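Can you make the complete structure from the sequences, with help from the hints?
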Amino acid sequence: MRDFEYEAPTTLANAIAVLAKNNGSARPLAGGTDLIDHVRCGRLEPDVVVDVKKIDELNVLELNDSGLRLGAATPCYRIYGCPEISQQYAALTDSCRIIGGIQIQSRASVGGNICNSGPAADSTPSVIVLGGICVIEGPGGRREVPAEEFCTGPGKNVLKPGELLVEIKFPARPANSGSHYRRFIPRNEMDIAVVGVGASVVLDDSKENIVSARVALGAVAPTPLYVPAVGDAIAGQPANEDTLRKAGAVAKELVTPITDMRGTAEYRVHLTGVLTERVLQAAISRARGEAICTKIGH
Amino acid sequence: MAKKRVVTTTINGDTHEFLCQPRQTLLETLRDVLGLTGTKEGCSNGNCGACTVHLNGRPVDSCLVLGVEVEGAEIRTIEGVACGSHLDEVQEAFLEGAALQCGICTPGFIMQTESLLDENPNPTEDEIRFYLAGNLCRCTGYDKIVRSVQCAAEKRQTANVGDH
Ligand SMILES: Cc1cc2nc3c(=O)[nH]c(=O)nc-3n(C[C@H](O)[C@H](O)[C@H](O)COP(=O)(O)OP(=O)(O)OC[C@H]3O[C@@H](n4cnc5c(N)ncnc54)[C@H](O)[C@@H]3O)c2cc1C
Ligand code: FES
Ligand code: FES
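Listed in order, the protein sequences are those of chains A and B.
Residue numbering for the first sequence follows this note's numbering, starting at 1 and increasing by one per position.
Residue numbering for the second sequence follows this note's numbering, starting at 1 and increasing by one per position.
The hints are simulated quantities; they were obtained by calculation from the structure and are not laboratory data.
No incorrect hints appear here.
Below, computed lysine-lysine pairings styled on DSS-like, alpha-carbon distance capped at 25 Å:
{"id": "1", "chain 1": "B", "residue 1": "K144", "chain 2": "B", "residue 2": "K155"}
{"id": "2", "chain 1": "B", "residue 1": "K144", "chain 2": "A", "residue 2": "K295"}
{"id": "3", "chain 1": "A", "residue 1": "K53", "chain 2": "B", "residue 2": "K3"}
{"id": "4", "chain 1": "A", "residue 1": "K21", "chain 2": "A", "residue 2": "K156"}
{"id": "5", "chain 1": "A", "residue 1": "K21", "chain 2": "A", "residue 2": "K54"}
{"id": "6", "chain 1": "B", "residue 1": "K3", "chain 2": "A", "residue 2": "K21"}
{"id": "7", "chain 1": "A", "residue 1": "K21", "chain 2": "B", "residue 2": "K4"}
{"id": "8", "chain 1": "A", "residue 1": "K160", "chain 2": "A", "residue 2": "K54"}
{"id": "9", "chain 1": "A", "residue 1": "K53", "chain 2": "A", "residue 2": "K169"}
{"id": "10", "chain 1": "A", "residue 1": "K246", "chain 2": "A", "residue 2": "K207"}
{"id": "11", "chain 1": "A", "residue 1": "K160", "chain 2": "A", "residue 2": "K53"}
{"id": "12", "chain 1": "A", "residue 1": "K53", "chain 2": "A", "residue 2": "K21"}
{"id": "13", "chain 1": "A", "residue 1": "K54", "chain 2": "B", "residue 2": "K4"}
{"id": "14", "chain 1": "A", "residue 1": "K156", "chain 2": "A", "residue 2": "K53"}
{"id": "15", "chain 1": "A", "residue 1": "K21", "chain 2": "A", "residue 2": "K160"}
{"id": "16", "chain 1": "B", "residue 1": "K4", "chain 2": "A", "residue 2": "K53"}
{"id": "17", "chain 1": "B", "residue 1": "K3", "chain 2": "A", "residue 2": "K54"}
{"id": "18", "chain 1": "A", "residue 1": "K169", "chain 2": "A", "residue 2": "K54"}
{"id": "19", "chain 1": "A", "residue 1": "K169", "chain 2": "A", "residue 2": "K156"}
Distance windows between CB atoms, simulated:
{"id": "20", "chain 1": "B", "residue 1": "R129", "chain 2": "A", "residue 2": "A265", "range": "31 to 39 Å"}
{"id": "21", "chain 1": "B", "residue 1": "D126", "chain 2": "A", "residue 2": "N14", "range": "42 to 50 Å"}
{"id": "22", "chain 1": "A", "residue 1": "R187", "chain 2": "B", "residue 2": "A159", "range": "28 to 36 Å"}
{"id": "23", "chain 1": "A", "residue 1": "K21", "chain 2": "B", "residue 2": "R58", "range": "26 to 34 Å"}
{"id": "24", "chain 1": "A", "residue 1": "K295", "chain 2": "B", "residue 2": "E119", "range": "13 to 21 Å"}
{"id": "25", "chain 1": "A", "residue 1": "M261", "chain 2": "B", "residue 2": "G38", "range": "31 to 39 Å"}
Computed from a prediction, not measured in an experiment: that's the story for all the values here.
Virtual Cβ for every residue (Gly too), placed ideally from N, Cα, C.
Okay, structure coming up:
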């Protein structure tokens, strides 16, 4: 592997100072499940690797009345290991349970997933539909960016040189709400999404009607794609099959997938419709307090 | 060339101090610096699990960890599983169940099975296949591995009952 220096700052201020000093040639290291491979194969050429796992702010995992704080370097296993988070922010833990295998989940973070900015990143649609806000700190101070605006192209995002994603903040979940993330892959585990869909819904007190919904799609555009038009089309509608079919049809109109070894563009458009319906149905079931089966193929 | 770093860590219960370059992975450090060659290299990109070790109690692919990252950490490798010449239940079950042919994947499968049975002493077949999905085997076709894991779980439970 390419030669580089290693720094492991224990404070946020030091981490930003190291990143700023190296002006673009330093790279943050969270779980390393993308970074180490990218350095090995020459896709990234950092002179300094800055391990951010020793910084308290990046390891926060805190659930309270105002919502969830998720430190950017917190590994997947800690997130799904918390039963309250799995219950309230189910789409997020659905994602964390399918990123790689168990060994990858011991290290891989949701922050690393969004900063790597792959179009098929499995946790980003969930972060978007749950209303995640990216808290970024850099030499110029602190700023906040909604998750749906974070990725700007394949492997590209809004971070400027020297900036670090510190945490993702989620608002408290409304009453009668539910969420789900699901992807289609030809294998049972350990594969990259052909299409992935995240959805969050809020029902009225009768649990028969949709008050509002957020849907985000993976692997069908240059970035994980928030599709507000799908939510708009079904807000105020009864939570039934006709409404879900409408949602699937709207989603299909919004995607611009490519053809690659995982599937043709046409196949991805079809999958977008099918998965949007199924994922919304599962989110509705969860909002009603019903258990759903997350087994592959069900 | 970046300067070598001194790293102090506990491996299989013993304190080790070693020198490594920042660019060396934990896998390279274990094999090339410390001579612990039981941990295997398959893909070196996180897909095959041959390099699985326990880092602070969690199974990880050591090809995706830097040697310098394990300062102060606790590591368990395949060398720490048997007690002298006494194999543990998982190793015995793999031998008896013919869960290996060429054997390169075996240390990784055993480390991953150890984690599985610590977390879930009585896993279903589905749970076994899911937990071992990050470990690849080109030889066995997996069925013998899965059966051996079930057998190891039974052996452990009988051993534990015997303890009390
Ligand atoms: C075998 C295997 C299977 C995988 N399966 C999946 C899968 O199913 N689904 C999926 O979505 N991904 C998958 N991945 C990709 C990867 O595991 C995820 O993207 C993971 O979430 C990355 O997190 P990390 O903590 O390891 O990030 P790292 O590798 O440490 O970092 C990723 C990138 O983000 C930057 N970065 C990290 N943290 C920060 C920060 N706080 N601020 C600014 N920049 C930062 C790094 O410099 C790097 O460029 C897989 C990878 C492997 C090796
Ligand atoms: S060698 Fe590490 S996962 Fe294959
Ligand atoms: S026994 Fe040969 S790879 Fe598994």
